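Enquirer: Use these hints to put chain B onto chain A, whose structure you have.
Number of protein chains: 2
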Amino acid sequence: MSNSSTATAHPAPSTNGLEGVVAATTALSHVFGEEGKLVYRGYDIHELAGKASFEEVAYLLWVGHLPTQQELDEFNHKLGQNRSLPDGVITALRAMPHETPPMDALRTGVSMLGSTMPGTFDEDPDLDEAIALAARFPAILAAFFRLRQGKEPIKGRADLNTAQNYLYQLFGKEPDERHWQPLETYLVLLADHGLNASTFTARVIASTGSDLVSSVTGAVGALKGPLHGGAPSKVLDMLNEIGTVDNVDAWLTAALDRGDRLMGFGHRVYKAEDPRAEILRGMAERASDPDFFALSKKTEERALALLNERKPGRRLYTNVEFYSAAVLAAVGLPGDMFTPTFAVSRSVGWSAHVLEQRANNRLIRPASEFVGEQGKKFVPIDER
Amino acid sequence: MSNSSTATAHPAPSTNGLEGVVAATTALSHVFGEEGKLVYRGYDIHELAGKASFEEVAYLLWVGHLPTQQELDEFNHKLGQNRSLPDGVITALRAMPHETPPMDALRTGVSMLGSTMPGTFDEDPDLDEAIALAARFPAILAAFFRLRQGKEPIKGRADLNTAQNYLYQLFGKEPDERHWQPLETYLVLLADHGLNASTFTARVIASTGSDLVSSVTGAVGALKGPLHGGAPSKVLDMLNEIGTVDNVDAWLTAALDRGDRLMGFGHRVYKAEDPRAEILRGMAERASDPDFFALSKKTEERALALLNERKPGRRLYTNVEFYSAAVLAAVGLPGDMFTPTFAVSRSVGWSAHVLEQRANNRLIRPASEFVGEQGKKFVPIDER
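Chain order of the listed sequences is A and B.
In this note's numbering, each number is its position in the first sequence, counted from 1, plus 19.
In this note's numbering, each number is its position in the second sequence, counted from 1, plus 19.
One chain only, chain A, in its complex shape (with noise of 0.2 Å):
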C-alpha cells in the first residue's frame, strides 16, 4: 500500500446521542422520570392499568379519548377482522429456519403483511391501517412459534380479546383469566413510552412520506437492539440460575463481586419506580406459581439492598424487564418472545406517533460533523 496518506483515515467517529435535544412534539405520552410518572394521553398510567383494556388504550392513542360502548363495539368488530394472516405472510415464516430469532421473523413477516397487501398500506397512513397492522402482530408471532415447534398456525376467533387471543393462537387453548389478564395489563402497560429509540425511527421514516409499514418495520428493527429493547430473557436466566429462595443472597452477592451487571435494575430515564414495574409486581403475583413468585421478589429485595448498599446515591430502581419477565414467563412464554410480546404491545404507541408525525409532518434530517479528509487524488490502482 503505497498511499501514505490511508494510515491516517481512521479517526474515530462519534454520535452525541442528541441527548436533551427536542427531536418531536407529542401528544400521546409522556415520561416523567424523575416523579417516576407515565402518561397516555391524559391519564396517569394507574388510572388505565387494570381498569382499561388493551382495546380501550389502543384506541385512546390512536384516536385521542377513551370509547364510548358503540366506538369499542366498532372497534373491537374492525379488529376481529383485522386477525387473519394473509397466505404470503404464512409462506415466508414457513420458509424460516426453526432457529431465526422471533424478532427477525417478525420484522420479516410485518415487512411482508405491507407486501403482500399492496393498496392497503398507501401514502397516507390512517386509523384503519393501524388496525390492520397491529392487530397482526400477534398473529405473525404466534404463527413462527408454532410452524418453529413442526405445528400448524392457527386461525384468530374475533370473539376473543387481544391477550386471549394471542395465547389461544401461540398454545391453541383458550386461556385462564389468571393468565390473560396479566398479560393484558402488561400490553396496556407497554403501548408507549415518548420518544424512545424505535418509536423515533418510526418517526423519521414516517417524516419521508413512507408508509406505515415501513416505518413500523424500522421500529421492530430498532426495538431488537438491547441497548432499547433489552435483555429481558436474561432475567428468566438469572432467576432460573438462582433456582431457590435459599440460594438468592449467595448468588446476588457473588454476581456482584464478579463485577457482573444485575439484569432487571436501572433505567436511563426513571430515577424513581417505574410506575410499570409496580403495577407488574401485582401482575407476576397473580400468574406465576407461588415459589417462583416468592423467588422473584426475595431477588429483587435482596438485589435493591445490596446494589444500595454497593452503589450508594445511583438510585437503581426495578425497571419494566425484572416482573416483565416473571408474568411473561408465567404465562407460558418462552425467553425469546419477551421482546416480540413487547412489540406487540408497542406497535399500538409506534402506530400513533406515525399519525402524529404526518398530521403535521417536516423531514427529520439531522446534520453531521465531517471529520473526513479532503483534497486527495485518484490514484490508478497499479501504482497504490
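It is possible that some hints are incorrect.
Since copy identity is lost for identical chains, a pair holds within one copy or between any two.
Here are the simulated lysine-lysine pairs, DSBU-like style, with alpha carbons at most 30 Å apart [unchecked claim]:
{"no.": "1", "residue 1": "K97", "residue 2": "K396"}
{"no.": "2", "residue 1": "K396", "residue 2": "K290"}
{"no.": "3", "residue 1": "K290", "residue 2": "K317"}
{"no.": "4", "residue 1": "K317", "residue 2": "K174"}
{"no.": "5", "residue 1": "K170", "residue 2": "K70"}
{"no.": "6", "residue 1": "K56", "residue 2": "K192"}
{"no.": "7", "residue 1": "K396", "residue 2": "K70"}
{"no.": "8", "residue 1": "K97", "residue 2": "K330"}
{"no.": "9", "residue 1": "K170", "residue 2": "K330"}
{"no.": "10", "residue 1": "K56", "residue 2": "K396"}
{"no.": "11", "residue 1": "K97", "residue 2": "K70"}
{"no.": "12", "residue 1": "K396", "residue 2": "K174"}
{"no.": "13", "residue 1": "K317", "residue 2": "K192"}
{"no.": "14", "residue 1": "K290", "residue 2": "K70"}
{"no.": "15", "residue 1": "K174", "residue 2": "K192"}
{"no.": "16", "residue 1": "K396", "residue 2": "K253"}
Hints in this document: simulated from the structure, not taken from any laboratory.
Nothing here was measured: the structure is a model prediction, and the numbers come from that model.
Expert: Relative to the frame of chain A, chain B by itself:
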C-alpha cells in the same frame, strides 16, 4: 360522548426536523451544498466517477482507502460468492402480488435475507456482513422484476461486476458497455451522501445494538418516502409527455402557468449545481438514443431558463434525479425500478454508516416536548 375533555384532545403536534442539529460525526462523505461539492473519504466525487469502479468505491467507503490490486481481487471474489439468494428469499418474492411496489419487495427481501441466514448477521456487524448484504441487493430486485413478468430469476455470475451483473440478472443477457458503464458511474455517484434521512435511520437502528439487516431494512423503508427518495420516475413521465424537442417550450410554459412543479430541479442542500447531475449528463448522452438525449438536454436548458425568469434568486439547478432518470431509462429500467436501483447503490453507504456508528456507539435517543394533557380520571365505559 359525555366526556367533555375529549374536545380539546387534538393539538397539532409538530417536529422541528432537526435541521442543523449535529446527530453524528462522520468521515465517510460530506455534501458541501454552497459549493456543489461531494466528497467520499477524502476524494472529490469527480476524482472517482468514471475512474474508480463501483467495487473500488464500496471498498473505499467500507475499509477507508482505495484497494490495491490484491485487495480488490480478494474483495471481488467475496462479492462474487455473495450474489446468490437463499431459497427462502425467492419464496417470499414469489409469494408477492405482481403489483407490489418494488421498494416493498426490496424491503421484505432484505429483511428475509436476515431471517433465512441466522448467524450470518449477528450483533457485531463487520465488513463480511456488509458484503453479504449489499452484494445481494441487485439479485433481490432482479428476481422480483422477473417474477412479476412471470419469468424465473437468473443466478448471478462471479465473472461480472456489479453493474454488469445487475443488468444480466434483470434482462438475461450480457449488457453492452454503452449501458453498464453509465450504470456503474450512476452507482458510484449515489453510494453515499452524508447524513440523509435513510442513512440517519440506519444509524438510529444500529445505535440500539441491533443488527445490520435491521438497520438497512429500516433505511430502505425511509428511502421509499417521496420527501427523501424523491420521485425520479416523474422526470421520465414528464419527458415522455413532452415527447419531442419542438414541444419543450410550450409544455414547460403551460406547466409553469398552471403552477406545477417541474421535476428534476432544486435540492434541499445544494445551492449550486449538484456535481452528480453534471456527471450523469455525460452518462445519459452515452447511454441514451440521440433523440431522447436531445429531448432531455433541451428540456433541461429551457426549464433552467424559465425557472430563472420566473423565480429569480431561487438558485434552482438540475438535481441528481433529472439525468438519473435518463440513464436508468436508457439501460432499460421502468420508472418504478429507479428508486430501488438508487437503493442498490446506497446500500453501500448505509452499511458503511452502520459500521462507523458501531465503531464508537452511543444510543441515539432524542427528547420530545410533551404537549398533552395530564390529570384525567378514568371513567368507566357506561358513564362515558
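Enquirer: Hints first: check each against the structure and report whether it holds.
Expert: Going down the list of hints, with the structure as the test:
no. : hint        : in the structure
1   : K97 x K396  : between (62 Å within a copy, 27 Å between copies)
2   : K396 x K290 : between (53 Å within a copy, 25 Å between copies)
3   : K290 x K317 : within (22 Å within a copy, 64 Å between copies)
4   : K317 x K174 : neither (40 Å within a copy, 59 Å between copies)
5   : K170 x K70  : neither (35 Å within a copy, 56 Å between copies)
6   : K56 x K192  : neither (37 Å within a copy, 63 Å between copies)
7   : K396 x K70  : between (68 Å within a copy, 11 Å between copies)
8   : K97 x K330  : neither (51 Å within a copy, 49 Å between copies)
9   : K170 x K330 : neither (48 Å within a copy, 65 Å between copies)
10  : K56 x K396  : between (57 Å within a copy, 15 Å between copies)
11  : K97 x K70   : within (22 Å within a copy, 58 Å between copies)
12  : K396 x K174 : neither (62 Å within a copy, 37 Å between copies)
13  : K317 x K192 : neither (33 Å within a copy, 69 Å between copies)
14  : K290 x K70  : within (26 Å within a copy, 56 Å between copies)
15  : K174 x K192 : within (12 Å within a copy, 45 Å between copies)
16  : K396 x K253 : neither (51 Å within a copy, 36 Å between copies)
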